[in-house]
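Asker: The residues making up each chain are set out below.
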Amino acid sequence: MATTLAKKTVVIVGGGLTAALVARALTAKGTDVLVLERGHDRRNGPESTLPNQRDELRWDIHGGLGQDWAVETYTVRHTTKDEALPARRLGAFLPGMGLGGAASHWNGFTWRWSEYDPVLRTRFETRYGKQAIPADLLIQDWGVTYAEMEPYHHLFEKLYGISGKAGNIKGAIQPGGNPFEAPRRDEYPQPPLEPTEAGLIFKAACEKLGHKPFTAPSGNSSGAYTNPDGMRLAPCQYCGHCEKFICEAQAKATPETLLYPVLMGRPNFEIRLRCHVLGIDYDGQAKRATGVRYVDRVTGEEYAQPADIVVLCAFTMTNTRLLLMAGIGAPYDPATGVGVVGRNFCYQTNSAANVFVKDRWINPFLASGSTGVTIDEFNNDNFDHAGLGFLGGAGISANLTNGRPIGNRRVPPGTPQWGTQWKQANADWYAHSFSLQAQGTSYPHRENYLSLDPTWRDAYGQPLLRLTFDWRDNDVKMSEYCSQKINAIANAMDATVVAPATARKSPFDTRVYQSTHTTGGTPMGADPKTSVVSQHLQHWDAENLFVVGASVFPHNAGYNPTGVLAALALRLGDDLTGYVERPRWL
Amino acid sequence: MPLGLWFGELVYPLFTQACFADPIYGGNRDKVFWRMVGYPGLPATHRNDMVDFRGKPFPGAKDPKSIVDFS
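Those sequence lines, one after another, are chains A and B. Everything in the first sequence is counted per the numbering used here, starting at 1 for the first residue and increasing by one. Everything in the second sequence is counted per the numbering used here, starting at 1 for the first residue and increasing by one.
Just so you know, the hints here were simulated from the structure itself, not pulled from any lab data. There's no promise every hint is true.
So, partial list: chain B residues that the calculated Cβ filter (under 7 Å) puts toward chain A [as the list claims (entries may be wrong)]: (1) Leu14; (2) Thr16; (3) Ala18; (4) Met36; (5) Val37; (6) His46; (7) Asn48; (8) Val51; (9) Arg54; (10) Phe70.
Restraint-style ranges between C-beta atoms, simulated for each label pair [said to hold, decoys possible]: (11) A:Ala147 - B:Pro13: 45 to 51 Å; (12) A:Asp333 - B:Arg29: 53 to 59 Å; (13) A:Gly300 - B:Leu14: 31 to 37 Å.
Glycine included, each C-beta is placed from N, C-alpha and C at the ideal position.
Between the sequences and the hints, there should be enough to build the whole structure, so can you do that?
Answerer: Structure below.
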């Protein structure tokens, strides 16, 4: 039997980035907030101190910071006709676990998306006509505009001390920045990071082709920085252990470095670690969430935690899974298109080329998580799609993030996997090669969705989440186009060898790391028939239940998601302070 | 399972881990594989190196340091 605990005003599921940003506003106004996080606080452990922080096998290859696949995994299938099976060792994406969540082992890329992204359907229909969007693509407007989000992007970038070069200040295009950037009110809080040698080679090739390369905005601190809350970042050490690692130098903006220490100093804030939320308690008649149930992972005891307000801030797929298990909102049915929970599940359509330059010292180990040089000419709808037969695009970058030797050695195509030639190729090319990446859009497809698996269960006996996902026609065509663009840049580099990019093709392969940017499942919007939560992230079927994270994105852009989900979380924090004073439909 | 698949998907990844992981795991003795490719290892505090050795041979690549060297 679960023990029922004293009621809280707000309970938040998941102790990552969005939870901290929501709690920041609420606790500042005196509201009591409880965060439940399944993992622990790793700030003083071997994962965040030298020398063990630099252990590629433990933290990267063995995924020491992520979700434990023996406890909870996903089942995967490509179409509704297939039988889904559990991924025993998932590689494609890495949900976090522990204080800070996946945001503690991110690389730091912090984008504002295109100004038109929140009104993408309107944009496409206005530019290309009503028939431009194929019927099987569920592209929809978000119910919010970039102008409404801008103050929250601004605040987030200040809190995180983002390093970058503005490309568009109040509509005036800035030299050296991204000319396609959504208009911002001022410069980035810190100047850009140092470029890598690979970045400089990429930049020269792009300029030769007439593109406009720029340094990607980054949460790796280019200098010493103090944020508006008085929290500090140290300068980045370019150690090459960023993504999949916790920064030991306090040089990477993360929730546990900048946000949770402030919250933990507030008497009305409480976080319970190693607490795994099992479900949301829902009163279907009153249409209200009454609290959550969780298990203490140390004692095995179960608790019922009542609350006036429940906020889901867990990893993308967990938000969807909790709603499906509680029966809140109608599950999406791909056969009829009816129902909403689980729809608009998107990913990131990437491809990459490898470049080998004999006479240049690339030194891949001199790198930070997001020392990228990028071009945006072929991203999203930044170019004319008339007659191309697809929508969307990709940011193309030379993001050299590390030279960790297990996972990041490149050898020319045709090199054998053993013997003298293998050794020689590794010795010849380790310090003289890098890759170019396209990070591409993923638009919602009628058959890409999330549901509960009818067969497989997790260690707690609860149904696993089932991913029905594959690269569909639009993704493949976009990827073919952008791969050609990468190859054109690679061929403009005077490289010794180019291993060209090939487009993403069906079937989706869960074994290969591609990106942790899974999005959707609980999309936001103005229409309850096509969205799970409102423009204000309030669940259409429970006035006191809110959801935030990449799970509310109706589509995924050719950008990393952090900037946008953080802005949405800060906005939700403001909305919730008003809601606490006067509960109502926002 | 076909032999090629068995080698490529199971054996080869484990083989590269054995070669290139930190020597604390028992392989990569005397950092021989790090020396071979020129990976300098620890402590990797490269704030100045990033500028000083951008595009140039990195001296630390000849004498890599591992976790044991800092324990």
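Asker: Take the hints in turn and mark each one as holding or not.
Answerer: Hints, one by one, checked against the model:
1. Leu14: Not OK, violated: Leu14 (chain B) not within 7 Å of chain A, min 10 Å.
2. Thr16: holds, 6 Å
3. Ala18: violated, 9 Å
4. Met36: holds, 5 Å
5. Val37: Result: holds, 4 Å to nearest chain A Cβ.
6. His46: It holds, given that the least Cβ distance between His46 (chain B) and chain A is near 4 Å, below 7 Å.
7. Asn48: violated, 9 Å
8. Val51: holds, 6 Å
9. Arg54: holds, 5 Å
10. Phe70: Hint holds; Phe70 (chain B) Cβ to chain A Cβ min 4 Å, cut 7 Å.
11. A:Ala147 - B:Pro13: 45 to 51 Å: holds, 48 Å
12. A:Asp333 - B:Arg29: 53 to 59 Å: holds, 58 Å
13. A:Gly300 - B:Leu14: 31 to 37 Å: holds, 35 Å
Comparing the model with each earlier hint shows violations of hints 1, 3, 7; every other hint is respected.
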